[in-house]
Amino acid sequence: MSNFLDRLLNREPKSAQLAKERLKLVLIHDRTDLTSHSLDLLKDELIQVVSRHVEIDRNAVRIEMQQDGRIQRLIADIPLRAANRRTRNR
Amino acid sequence: MAGKIVTITSGKGGVGKTTATANIGAALASDGHSVVCIDADIGLRNLDVVMGLENRIVYDIVDVIEGRCRLRQALIRDKRLPMLHLIPAAQTRDKSSVSPSDMVRLCEELRQEHSWILVDSPAGIERGFRNALAPADVVLVITNPEVSAVRDADRIIGLVEAEEKGPARLIINRIRPDLVRRGDMLNVDDIVELLAIDLIGLIPDDEAIMTGANRGTPVSLNGKNSAGQAFRNIAKRLQGEEVPYVDLYASNGLFGRLSRFIRSGGE
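Quick mapping for you: the protein sequence lines, in order, are chains A and B. When we follow this note's numbering, the leftmost residue of the first sequence carries the number 255, and every step to the right adds one. When we follow this note's numbering, the leftmost residue of the second sequence carries the number 941, and every step to the right adds one.
Bound-form chain A, shown alone:
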């Protein structure tokens, strides 16, 4: 939020703010041993597996790490194609 304000006022963000944001990313990788490269690989494979069963909107798939206390969650948001809904409604 303060970062947003900084950008709005065209100010350099404070160094502590940068430190916090950088640490957030570093800690996720340290804790999970997942690099952004391996996360991309995982995403590709996940898309392959899921689309074998349902039709999905590949470009809208989002996979990200979330921190919940000291537990890391892998959150996948996979929108299904409308065609699929029609089949199910029938």
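Keep in mind that the hints were calculated from the coordinates and are not lab data. All values derive from a computational prediction rather than experimental measurement. Think of the CB as a built atom: it goes at the ideal place given N, C-alpha and C, for glycine as much as any other residue. Treat each hint with caution, since some may be false.
As the list claims (entries may be wrong) - Derived SDA-like pairs (lysine to any residue); straight-line CA-CA distance at most 25 Å:
1) Lys-944(B) / Ile-1140(B)
2) Lys-952(B) / Gln-271(A)
3) Lys-278(A) / Gly-1123(B)
4) Lys-268(A) / Lys-944(B)
5) Lys-952(B) / Leu-272(A)
6) Lys-952(B) / Ile-301(A)
7) Lys-278(A) / Arg-1095(B)
Unchecked claim - Computed footprint of chain B on chain A; a stretch qualifies when at least three of its residues, placed anywhere within it, have a C-beta under 8 Å from a C-beta of chain B:
8) 273 to 286
9) 315 to 329
Stated by the list, open to error - If we take Cβ atoms under 7 Å as the criterion, some of the chain A residues that face chain B in the derived model are:
10) Lys-268
11) Ser-269
12) Ala-270
Got chain A; can you put chain B on it based on the hints?
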């Protein structure tokens, strides 16, 4: 009596493990508890100089473990504070001369007669750290507000959890309120949020730490300075007391001093 074994560790070196061990130990001893501080950093002995007991060493921890002396003989009693004791590290040996089970046996024996056993862990995540962690009932992780120290603290907290010694509690050392106020130092809330563990102490950056170490007198023995007070508060919290955190960000300018003066009723 079954004393409590508290391991103080950090991952990164130079963030204040030894200072914290000496000061929390002295604070617990001045509260009337029998305390033993163990220097688990074999080969890099340091706790003795910080505590001011370096001239009294005859035997060390490796002598005890290898049976060259009795436990009692290696225990150095602080003459200024007779409830405070030190078991020094060996200086000419390396970490492999002590095993985690040696540490557990040693601490089990000590807890029969003393109420607090504080283990000063070496930096790193290898054998020395494993030795220090093995006997712990409580683990205190110390960090300072630097990115490298916070990152290493996170790694250590994970290892403590994996060994089922968690949840560790956090000490944030060397806080500089002036830098925090102008946004150039991670603040306490940021660090607690990143590391996601409970706090047990906040230590302001205080010259008294340096002068205390120079003299070999832990600052927590001395009434006046802010770091000493912060260490005494940690000792109280370890004993289960709820102690409010000192307001580190209180302004020291004329206005801050004036408003504190008014609030304190002019005392």
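How the hints compare with the structure:
1. Lys-944(B) / Ile-1140(B): holds (16 Å)
2. Lys-952(B) / Gln-271(A): Holds. Lys-952(B) to Gln-271(A) sits at ~22 Å (cutoff 25 Å).
3. Lys-278(A) / Gly-1123(B): holds (17 Å)
4. Lys-268(A) / Lys-944(B): Since the Cα atoms of Lys-268(A) and Lys-944(B) sit roughly 42 Å apart, the hinted pair is violated (cutoff 25 Å).
5. Lys-952(B) / Leu-272(A): With Cα atoms ~21 Å apart, Lys-952(B) and Leu-272(A) stay inside 25 Å; holds.
6. Lys-952(B) / Ile-301(A): violated (40 Å)
7. Lys-278(A) / Arg-1095(B): holds (13 Å)
8. 273 to 286: Contact hint for the segment 273 to 286 of chain A vs chain B: holds, 9 residues under 8 Å.
9. 315 to 329: holds (count 3)
10. Lys-268: Hint on Lys-268(A): holds, closest Cβ of chain B at ~3 Å, below 7 Å.
11. Ser-269: Nearest chain B Cβ about 5 Å off; hint holds.
12. Ala-270: holds (5 Å)
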